[in-house]
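**Q** What follows is the residue order along each chain.
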Amino acid sequence: MEYYLPWFILLLPLASAVAITLTSLRKGGVAARLSIGACVLAFVLSAVLFGRDASGVTQFNWISLSDGATSFIADIALRLDPLSRLMLLVVTGVASAIHVYSYGYMRHDPGMGRYFAGLSLFMFSMLGIVLADNLLMLFIFWELVGVSSYLLIGFWYEKEAAADAAKKAFLTNRLGDFGFLLGIILVWALLGTLDIGALKTKLLTDPNALGALATAAGVLLFCGAVGKSAQFPLHVWLPDAMEGPTPVSALIHAATMVAAGVYLLCRLFFLLDVPGSHALVVIAWTGGLTALLAALMAVQQDDIKRILAYSTLSQLGYMVMAVGLSGSADNPSPAMYHLTTHAFFKALLFLGAGSVIHALHHEQNIWRMGGLVRRLPLTFWTFLVGTLALCGVPPLSGFFSKDGILALAQHGNVALFALAVLVAGLTAFYMFRLVFVAFIGPAKSQAPDRAHESPPVMTAPLVVLAVPSVLAGFWGINEYFGQQYGTRPVEHGFLATLIEPFTHAPGAALSGLIATAAGFALAFALYRNAVTDPLPSRLGLVARWLRNRFYFEELYAGLIRWTQDALAAVADFVDRWVVAGLVVKGVQGSVELTGRLLRLVQTGNLQTYSFLFAAGVALLLYFALAR
Amino acid sequence: MASLSFIIFCPLLAALLIAAIPRNFKVLFRLIALGATFLPALAAARLFLGMASGHDGVQYEEFIPWVYSLGITYHVGVDGLNIGLILMGSVVAFAAACVSREITNREKEFYLLLLLMAGSILGAFASYDLFFFYFFHELALVPTFIMIGVWGRGERKNYATFKITLYLSLGALLSLIGLLALYLQAGGQTFNIVELTRRLSANPLSPGAQQAIFPLLMFGFGVLVSLWPFHTWAPLGYAAAPTATAMMHAGVIKKFGLYGLLRVAVPLLPAGAESWLPVLALLCLGNLVYCGLVAMRQRDLNLLLGNSSVAHMGFVFLGIASLSLVGVTGAVLVMVAHGFLAALSFALSGYLHQRLGTLEMAQMGGLLKRLPFIGTVLAMALLAGCGLPGFANFPGEALVLFGAVTAGRWLVILAAWAGLVIGGVYMLRAIRQILHGHLPERWAGVPDAPHAWHKLPYALLLAGLVVFGCFPGLLTKRIQPNASRIVQAVNGPMLADSPGEPEVPGHWLAGGRKVTGHE
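Just so you know, the sequences run in chain order A and B.
One gets this note's numbering by counting positions in the first sequence from 1 and adding 122 to each.
One gets this note's numbering by counting positions in the second sequence from 1 and adding 7 to each.
Treat the hints loosely; a few may be bogus.
[Stated by the list, open to error] Facing chain B, according to a computed beta carbon distance under 7 Å, are these residues of chain A, among others:
no.	residue
1	F194
2	A285
3	D571
4	L632
5	I636
6	L648
7	D694
8	L741
Please keep in mind that the hints were generated in silico from the structure rather than gathered at the bench.
Don't be surprised by glycine CBs; every beta carbon is placed ideally from N, CA and C.
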């Protein structure tokens, strides 16, 4: 039975996607039931696997080529170990809540069937990444999550903005995947296998097997994570991806797919953490830089979903930085820990934002909200829980996972530690700016007065997600992931867990708390009763830079125009005028000339041509024989 | 029934039958064409499923001596190299007959030529005799020119006909000279490829002769496959061709040149291959990068598809030039995959052209709303064209990239850039322009494919892409022995040749007991 369970988990969503596409694209209700059913069932089966501590590999051969010199074996191989077991549970669990919520959110959309087909396709691809035990398989599902994200961002494809955002997301991810694929090819060329288990064994017996190319391989593999997890410099697609339906933003662009980059780094940690490789340094600084830039950009956004999107970017940067700092301990479980808690509270925040947007009839500007505490009490209180967890307020889950990263940074790199503390402060600032302006402060338009709390099908998932957002710190998640990297799980009591951060690394915990408090205080002072944003007038140029996201979009647009598009224009010109024009016309001209000379035989009659052609062949054959 | 000769001669005899029927019986022509392409497709599927994999021998062989003095025999059969092409070609031929509904004048001649084309190109793939190999291809090529000239579309129809005829005849002529030179140098006693291979591996031609003949074949076949810089006929020709012709030529007939390289040029002239394939590896970048960039600039869907089809040929050239087992297997896989893909794309663009009267992408937009079926399939085809996993192009292109490691690091990087990034850009721009965005008023009444029968050809071609995309092993295990022999013909036999099954790590539940996998 256990042999088949992972296959069931993987293939259930695919079956749902195929069934919906073939039968019920126009029957939204049926599609929703199929998709939700598949997801919940996958969650139950994941829980069974989790409960049994199932581990091992099960595979089906996809391509296998070998001769004496090389062997190329790509399997669809599913691996169960502590990392994938818990990740399965997190992905299917969060996804189940979001699937149910989607039913309420999308109920009146005529494309609901297509929506759930896309959601199921995404689940299939994401579970493939979680279970993959082969680099090529990982890449396959990597691309498939990319395309399902593309389909769902562009769900309202008639909207120009959504269609553009979908295209941008796919192409930016493609850039990352380009590096990722080169990394996979390089690893295969150096080590001769694509099997993750076999690669690990090879590197255990010979840690220097990658040789001088260790850094290159690590950085190229990291490119995949840079694209998918929207790290600097490929971060530009994620905020635009908010054009998709809000539950999609919650599932794909907050909780799971964007975190897949971090999961990838943890899965392939043994390839990054080899002697002589500087890949982890690159990873740590890329993550740190992303965390800081994104937090700064979030400070001046006005769209509720975009604020959350930048916050996601920033938190992903945190996780990536944590992976980069884990080299000394050989254990990146703090990154996975934060990934898990973040999945809970960020999904909660996005669904809360969706509830607000739903209630306000698709108003997303926080400066047209206000006073929602009374109108949407359940949404507000759960949103507040998510905010507190994200800001790292004890004893909520975010406090423990963020503290783990701060402690790592404190031991690893002082500059990154300062940066991480600053980001913690900024996080509290922009999140409470959002909470004060949208929920607590005075109403800034007529819209909030007419708002009503969302139906139970939408609020129930909020409550369900609020529970782990509060409690996940006490579930030993960090220790569970630690097993993957050979550490022994230690049982802590409730109180011991609560004070552990202050005994283990008091400096990190205290500075994190102080920064958070400072951020909160500043937001309180500035935005408690604000009707317009006071920052632009106080900060001037700085605020404008933040608001315009440091002009990255403009920079990239110019860069693309002057490199690839310019090259294409040149190639097209050459093709039109030189290759096709001069050369071909030259050939054509000489043929014309020959034609004129051969006027006598040129009758324009097809039969004559074919006869002459056959005669020519016969003549050649004759010469051949007469030789 | 399921013999190779049936697959070849069913369409050819049906063409004769059509010739004998008076031209008033319009429905009959179509019915005959459908039947005479459907049955071979069925037979080809049976051959594919029934053939034994794991060795490189010729199966389903048929052998009829014809001209003793010259050593010409009618010798057909299948092995890993051509079975995929025969299956793909026969399916594409059926789909092409299906979508020829759009032809409303001179149906008799059209279907006659289509059947002639279908039967001959399958004959070319199945032949193990150089004479028939070449003759059948020529027989398939000539209808292309006529079909573009008579049933073609657009203002540049005549120029396109002229250009494609000129180029392809030139390519065919070059390869003919090469083949004849090869025949003569090998002693002039046999046209049989199996026999030639045996003789030439025992007594290879002098390196000088090989190096003189190989470029004739490489450039001759190369022109037929739109090798850069001899590619400009392709986009223009396909844009002017009627749908079925574009499908058959871009999908099937074009593969002949590649097949010729793998079947004849490389194994028979290994020393020539060794010195000339590096040139091919450089030229293929012209296809991949340059033509990809050109495709980015196209405003007409058919020109875009034509250029992207040229670009895809770069992967096959690169796989062949890599001369590694992985690369050559990938090249054959891409040939089959691209056949399905090119046929599907041109079938869809033909549908759009018929309904919209234009293929100018800037004039389209939001069509997915009006065309849920055609639009979805088009999106899938375009995504398959930029190498999305799940479609057959991905495993092929991936294998080529992995295999090309032996050919050079920069080649891999540039080819991956071309496939993943440039390909992604123009395909997604096309989806964005055609299917997404605002639906213009004038297309508010465009109809989707009405019922299952109209959807069948598209569904069939898509199924080909998906089946081989999800289970490429179906093809690779058949290709491997032949690819391996081609590689060994040039590189010499491998040192530690162990053909057995690769090591399979133990399943983690053996005999009801949990076995921990390799940790």
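**Q** With reference to the structure, classify each hint as holding or not holding.
**A** A quick look at each hint next to the structure:
With a cut of 7 Å, the hint placing F194 of chain A at the interface with chain B holds, because the nearest CB-to-CB distance is about 5 Å. Proximity of A285 of chain A to chain B holds as hinted, the smallest CB-CB distance being about 4 Å (cut-off 7 Å). Interface hint status for D571 of chain A: violated, as the beta-carbon distance to the closest one in chain B is roughly 34 Å, over 7 Å. Given the 7 Å rule on beta carbons, the hint for L632 of chain A is violated: about 39 Å separates it from the nearest Cβ of chain B.
For I636 of chain A, the interface hint is violated, the least distance from its beta-carbon to any beta-carbon of chain B being 43 Å, above 7 Å. Of the supplied interface hints, the one on L648 of chain A is violated, with its beta-carbon coming no nearer than about 40 Å to a beta-carbon of chain B, more than 7 Å. The interface hint given for D694 of chain A holds, since its Cβ lies 4 Å from the closest Cβ of chain B, which is under the 7 Å cut-off. Nearest Cβ of chain B to the Cβ of L741 of chain A: about 11 Å, over the 7 Å cut. The hint is violated.
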